[in-house]
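Q: One letter stands for each residue in the lines below.
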Amino acid sequence: MRRVLFNSYEFLLAFLPIVVAGYFLLNGLGLRLRGGDEDRWSDKLGNLWLVAASYFFYAWWRPEFVGLLVASTAVNFVVGRAIVHRAVQNRPTTALLVAGIAFDLLLLAYFKYANFFFENEARLFSAAPIHLDVILPIGISFFTFTQIAFLVDAHKRKAREPDAVNYSLFVTFFPHLLAGPILHHREMMPQFADRANKSVQWDNVARGLALLALGLGKKVLIADALSPQVADAFSAGAPLTFGDAWLAVLCYTMQIYFDFSGYTDMALGMAQMMNIRLPVNFDSPYRQRNLQEFWRHWHMTLTRFLRDYVYIPLGGNRRGEAWTAFAIVVTFLLGGLWHGANWTFVAWGLANGVGLVLLRLWGRAGIALPAFAAWAITFLFVNLAWVLFRAPDLATAGSFFGSLFGSRGFAGVRMAIVPFTVPTLAIACVLSMMPRNSNRIAAEARLGWPLQAATALILAAGILSVGNPTEFLYFNF
Amino acid sequence: MATRFLRNALLATAAILALAGFVNFEVDPFQQYRVPANHAPRFYRAFQRYEDPGIARNYKYDRAIISSSFMENVSGSEVDRAFGSGRTMNLCLSAMTAYDGGKVLEVALESHALKQVLYNVDYNAFSGPPDRVGYGKLPLYLYDARRWNDYPYLLSSGTLGRSIDILLDRKAGTYRTDPDDPWYWADDGAGFGARKVVEGLDPNDINARYKQPPRTMEGMWASYEANLEPLVRAHPGTEFIFIWPPYSILVWIDFARRGQLDVSLDFKRRFVLALSKYPNVRIHDFQARTDWIMDLAEYRDIYHYSPAISSQLVKDVAAGKDLVTPANVDARIAELRTLAATADLAKIVAQARGS
Chain A
1 MRRVLFNSYE FLLAFLPIVV AGYFLLNGLG LRLRGGDEDR WSDKLGNLWL VAASYFFYAW
61 WRPEFVGLLV ASTAVNFVVG RAIVHRAVQN RPTTALLVAG IAFDLLLLAY FKYANFFFEN
121 EARLFSAAPI HLDVILPIGI SFFTFTQIAF LVDAHKRKAR EPDAVNYSLF VTFFPHLLAG
181 PILHHREMMP QFADRANKSV QWDNVARGLA LLALGLGKKV LIADALSPQV ADAFSAGAPL
241 TFGDAWLAVL CYTMQIYFDF SGYTDMALGM AQMMNIRLPV NFDSPYRQRN LQEFWRHWHM
301 TLTRFLRDYV YIPLGGNRRG EAWTAFAIVV TFLLGGLWHG ANWTFVAWGL ANGVGLVLLR
361 LWGRAGIALP AFAAWAITFL FVNLAWVLFR APDLATAGSF FGSLFGSRGF AGVRMAIVPF
421 TVPTLAIACV LSMMPRNSNR IAAEARLGWP LQAATALILA AGILSVGNPT EFLYFNF
Chain B
1001 MATRFLRNAL LATAAILALA GFVNFEVDPF QQYRVPANHA PRFYRAFQRY EDPGIARNYK
1061 YDRAIISSSF MENVSGSEVD RAFGSGRTMN LCLSAMTAYD GGKVLEVALE SHALKQVLYN
1121 VDYNAFSGPP DRVGYGKLPL YLYDARRWND YPYLLSSGTL GRSIDILLDR KAGTYRTDPD
1181 DPWYWADDGA GFGARKVVEG LDPNDINARY KQPPRTMEGM WASYEANLEP LVRAHPGTEF
1241 IFIWPPYSIL VWIDFARRGQ LDVSLDFKRR FVLALSKYPN VRIHDFQART DWIMDLAEYR
1301 DIYHYSPAIS SQLVKDVAAG KDLVTPANVD ARIAELRTLA ATADLAKIVA QARGS
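So the protein sequences, as listed, match chains A and B.
If you count by this note's numbering, then the first sequence holds residues 1 to 477, one letter each, in order.
If you count by this note's numbering, then the second sequence holds residues 1001 to 1355, one letter each, in order.
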């Protein structure tokens, strides 16, 4: 059983071309079969194909979890539809909403958080920990959150009655299924239903391919090249030197950005090839000059979800400064926990929440910083916070911070530097600060020979790097 | 404009991939399709798991060495001399697990009518689940007979880099070129010696440096049944010579302190009893050879011994010495148990540090 990632031969050379071609062929067939406007099923052949392809994509990872995805989609669809029906009749929908959200959260709790809870409970009461032998279904946080948002909006009369095929596609659409972006039904359902999206639009295919190539390059040529240095540093048995720790944290800052935004670019690119616009998820976050702006440009769809479905329902900024600070910290604590069941993620969320509260207080003081200083402080804070995100436990994070702040002296880099780390890091730093990011290049650049050549070279280099041999490093026995 | 973009970009991508695949197939730096005729073969120890199936498939030999790093210092020719005939290929894999070894051995047995297999038995190789690999992921696409699924090897910039090195005769990376001792490491400059063995060793936690996981009989036996026994049974025409290698005494002290001694020795006993019923099997046990295991000067670390011991071991195997059978296995195990119980760790470490 293998997890099919976008950066795999099977996906890039077989699955994606077949799915895109099949989508447009079936849409064409549907158009031909359509006798009249009322024949809606022929319109959905392409979307049905995408649903089937998405389930196949998920099944490739672990076929047994397809049932979970089907159950989650079906239950939320039925509950959501019932909420919409009752809402139209002005009947109460709260009980259904609570039941639907409880179902979603129970699934998430069981698969993602149960062992974390039991481990901490056992530690707290000095008891033997209970351990559930569960595997975390990949993408569960993403498909759960998109559906919770749908239920909430249905309850608030902001959602229309969903169509079964389009709803399934909204949840399972393979470009976003594993790692987002977190979709909102309002922006997706109309696109899935729009007949104008059913025929090939060559400009979208071309620009989608360019974005896919850029994303693949970011992921495979940059993030993956930085990964071994980061892994070495965070798994080193002995404490790191000052230089080692700063090199590692900078590498990780770039690795996580190029990895996640590269993956997202690929998702957006392949969706665009099929005339589907997924929401932008990253917009040059490391260029931002304060933490709030950073969060408006980093994993933007998660920020949007947390704002709309956690922060604002908590009261947002409508209940005074103290309550606002409380709401921000709680929102980011939950945001941290969403990333994984580990105290390191909680600490990371807390750090960002507190950072945003401090930023608000600074803003009230009315002291403006020079642009460079504002950028440097923001970038430094984000770097330090990533230590919490990457460390396997708080003790490792603590040791890392000790090295970063010179508690063991200020020695330079002592650990072995993995080949190509330094030039890759330098390129990554420059690219992350460029005003034109991959989204803008793919959207705005002329489709002339420079973009053609760049697309071909990056695509080929990316594919050639997908399955590189893993060097065996067991030389010290 | 858009269609021209797509046509040009996709054609150029396909052309680059095709060129890379062609160059990698023709140069074949990991020897998957042929023994190189126009350049010296390069045996990259860092990529053993990629090269070994090709070597196992394409070289001519009738005797194979299957082992982790313990027998990497054994050359094929010295085995041939010791046995008086034949042609031996060293198919070792550093940090080999039973699964890794089974996969290489499958390729060797499927592609050659082997007279003998020298199989080094390491307890740690049988720890964990039966499909545990020693490092990263085993590139299984190179271990099967299918060629169409070799695209990760052919469409790889890592492979291409080595192909270009060969084409330009560039000596990049660490590799050996003699098929007689492709994985030899004893001349790497790190040396051997008692002081080296105990360097950085924590006497209170000997395993801290090696991080060997604990083992269970169920787990080890499941791995044996999945990875070893079926091959012995399926190839009655091949003689399987199993070798229990001479770890230093410190390993037995470590096993005893970690509660791993009983499971290890019980496994050995069960192994000997189970395999002795096959007429194509003989088993040699050098683990209680005190002239070797007490002499830390001949070791690099607590596990790995010198080429001098390796060479003598090969001669003793060829001469049929130190055979272990159902009749003597209990006595040998008792001997090891006594050695582990009576060894004075503090004294051994102090002597080694003062040497």
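Calculated directly from the structure, the hints in this document are not laboratory data.
Glycine residues also receive a C-beta, built at the ideal position from the N, C-alpha and C atoms.
Treat the hints with care, since some could be wrong.
Think about it this way: if two alpha-carbon atoms lie no more than 20 Å apart in a straight line, the pair counts; the simulated SDA-like pairs of lysine to any residue are [as the list claims (entries may be wrong)]: (1) K1171(B) with P228(A); (2) K1171(B) with D224(A); (3) K1211(B) with N468(A); (4) K1137(B) with D232(A); (5) K1315(B) with D232(A); (6) K1137(B) with P228(A); (7) K1115(B) with P228(A); (8) K1137(B) with T396(A); (9) K1211(B) with Y9(A).
Using C-beta positions, here's what the derived DEER-type ranges look like [as the list claims (entries may be wrong)]: (10) G1173(B) with G409(A): 28 to 36 Å; (11) F401(A) with T1325(B): 28 to 36 Å; (12) K1137(B) with N90(A): 52 to 60 Å; (13) F420(A) with R1034(B): 25 to 33 Å; (14) Y1210(B) with V430(A): 37 to 45 Å; (15) A1346(B) with P419(A): 28 to 36 Å; (16) F401(A) with K1137(B): 51 to 59 Å; (17) E119(A) with T1325(B): 24 to 32 Å; (18) E64(A) with K1277(B): 37 to 45 Å; (19) G1173(B) with A128(A): 47 to 55 Å.
Some but not every residue of chain A turned toward chain B, in silico, with C-beta under 8 Å [claimed, not checked]: (20) A59; (21) N197; (22) N468.
Q: Please flag the earlier hints that this structure goes against, numbers listed from lowest up.
A: 1, 2, 3, 5, 7, 8, 9, 11, 15, 16, 17, 20, 21
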